[in-house]
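Student: Listed here are the chains, written in short residue letters.
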Amino acid sequence: MIANYGYKDGSGEYFIILDTDKCDGCELCVKACPEHVLFMGEDIGDPLRDVPVVLVTEEHRKKLRYSCASCKPSKEVKNLPCVVACPHGALRHSW
Amino acid sequence: MAKEYWRWTEYRWTSPDVKLNGQQYITCGIDVGSVSTQAVIMLDGKLFAYSSMRTGSSSPESSQKALTWALEGTGLAQKDVQYIVGTGYGRVNMPFAHKTVTEIACHGRGANFIYGPTVKTVLDMGGQDCKAIRIDEKGAVKNFLMNDKCAAGTGRGMEVFADLVCVPIEEVGQLSLTVEKEPPPVSNTCVIFAKSEASALLEEGWEVNKVLAAYCSAMAHRVVSLLQRVGVEKEFAITGGISKNPGVVKRIERELGLEALHPNIDAQIAGAIGAALFGKAFLAKGGK
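Going down the list, the protein sequences come from chains A and B. Each residue of the first sequence is one higher than the last, beginning at 5 in this note's numbering. Each residue of the second sequence is one higher than the last, beginning at 584 in this note's numbering.
These are computed hints drawn from the structure, not numbers from a lab. Owing to the predicted nature of the structure, the values given are computational and were not obtained by experimental measurement. A portion of the hints provided could be inaccurate.
[Unchecked claim] Straight-line C-alpha distance at most 35 angstroms; calculated DSBU-like pairs for lysine-lysine:
id, chain 1, residue 1, chain 2, residue 2
1, B, K778, A, K35
2, B, K662, B, K629
3, B, K586, B, K602
4, B, K778, B, K648
5, A, K26, B, K868
6, B, K662, A, K12
7, A, K66, B, K827
8, B, K725, B, K586
9, B, K868, A, K12
10, A, K35, B, K682
11, A, K66, B, K602
12, B, K725, A, K12
13, B, K817, A, K67
14, B, K764, B, K586
15, B, K586, A, K67
16, B, K827, B, K778
17, A, K66, B, K662
18, B, K602, A, K12
19, B, K602, B, K778
20, B, K682, A, K67
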């Protein structure tokens with residue numbers, strides 16, 4: 005399942021896109037995030053699933069643009085710590 | 584006292600066909616939304632009774648009231664209900680619920696129940712958020728997006744507008760469709776600013792139906808852009824309170840070039856239906 009957490013406002017679209025089918029709950033991304041944007045919890049789309057999956061905290065969902073700003077590379081190279089940390093490529097940013 | 588044009592009618596319903604007859608699973612789903620609360624009682628996964636009322640200031644109280652009203656006159660007591668699942672934004676504070684499930688999963692499952700297996704894209708337009716959900720033929724969520732950052736494009740926004748133009752909320756949609764020529768949408772996405780923009784338009788001499796048309800089309804445009812993020816796959820359906828507003832529904836259909844499915848039961852209770860169905864699934868799994 006694809007989960008889009010974030011928002012769209014006048015300045016653009018800010019979503020963290022998570023592929024829960026690829027997530028095995030290893031928590032490497034959670035540890036990699038310096039702003040504590042991610043955590044492990046119950047799958048929002050599938051309450052009958054037993055393995056926890058990565059989620060974006062309620063607190064950060066509405067301000068991702070600012071929460072993730074410190075990690076955004078200043079040049080074209082994309083090396084977001086959370087994206088690099090995931091061994092399965094389950095995570096990406098929309099902006 | 585001034586008339587409150589936003590105030591919609593609360594209601595309850597009991598199935599004329601489904602009778603109490605020693606069913607195995609009696610489950611209840613309660614969807615405590617920001618604006619309205621629905622309680623649904625299901626017998627073996629069949630819709631038996633429901634109620635829909637305004638959410639008060641306390642979600643434990645609202646959920647209890649909705650449940651009591653749904654059970655009223657059905658011959659069932661609260662202790663007969665084997666499993667209660669809470670959903671909606673007030674789910675975290677529902678003392679008697681056995682389990683809580685997110686509204687995303689519940690709306691997916693509920694839409695599948697209401698519209699059948701052909702529905703693949705669900706747009707839930709709630710009281711203060713808006714969700715775009717893609718589901719498979721079993722109602723399991725494949726892709727979703729939730730926007731709860733602001734009230735634009737939501738039921739509460741529509742209530743504010745009904746009050747501004749003094750038109751009962753149930754008539755807003757139909758009235759907005761009576762314009763001869765579609766006006767440009769209001770440019771502000773924020774409800775508060777859109778309201779001041781609309782006040783200015785009224786003072787300029789715009790007809791009420793034209794102002795409502797401008798707001799409905801702004802709302803439609805806003806949610807269509809959310810839908811496009813998850814992708815739209817046929818068949819398409821709208822749930823939540825705004826699904827009862829033809830002014831918004833028609834404009835979404837026009838913009839997507841796709842007609843929304845027509846529900847044969849109330850699409851506002853989709854979340855609560857989904858919750859009750861999950862209750863049955865949890866019971867079948869051993870009550871956990």
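Student: Confirm or reject each hint.
Tutor: Results for each hint:
no.	hint	in the structure
1	B/K778 <-> A/K35	violated (44 angstroms)
2	B/K662 <-> B/K629	holds (19 angstroms)
3	B/K586 <-> B/K602	violated (40 angstroms)
4	B/K778 <-> B/K648	holds (33 angstroms)
5	A/K26 <-> B/K868	holds (25 angstroms)
6	B/K662 <-> A/K12	violated (44 angstroms)
7	A/K66 <-> B/K827	holds (28 angstroms)
8	B/K725 <-> B/K586	violated (44 angstroms)
9	B/K868 <-> A/K12	violated (38 angstroms)
10	A/K35 <-> B/K682	holds (29 angstroms)
11	A/K66 <-> B/K602	violated (46 angstroms)
12	B/K725 <-> A/K12	holds (21 angstroms)
13	B/K817 <-> A/K67	holds (32 angstroms)
14	B/K764 <-> B/K586	holds (30 angstroms)
15	B/K586 <-> A/K67	violated (38 angstroms)
16	B/K827 <-> B/K778	holds (21 angstroms)
17	A/K66 <-> B/K662	violated (40 angstroms)
18	B/K602 <-> A/K12	violated (47 angstroms)
19	B/K602 <-> B/K778	violated (47 angstroms)
20	B/K682 <-> A/K67	holds (29 angstroms)
Comparing the model with each numbered hint stated earlier shows that hints 1, 3, 6, 8, 9, 11, 15, 17, 18, 19 do not hold.
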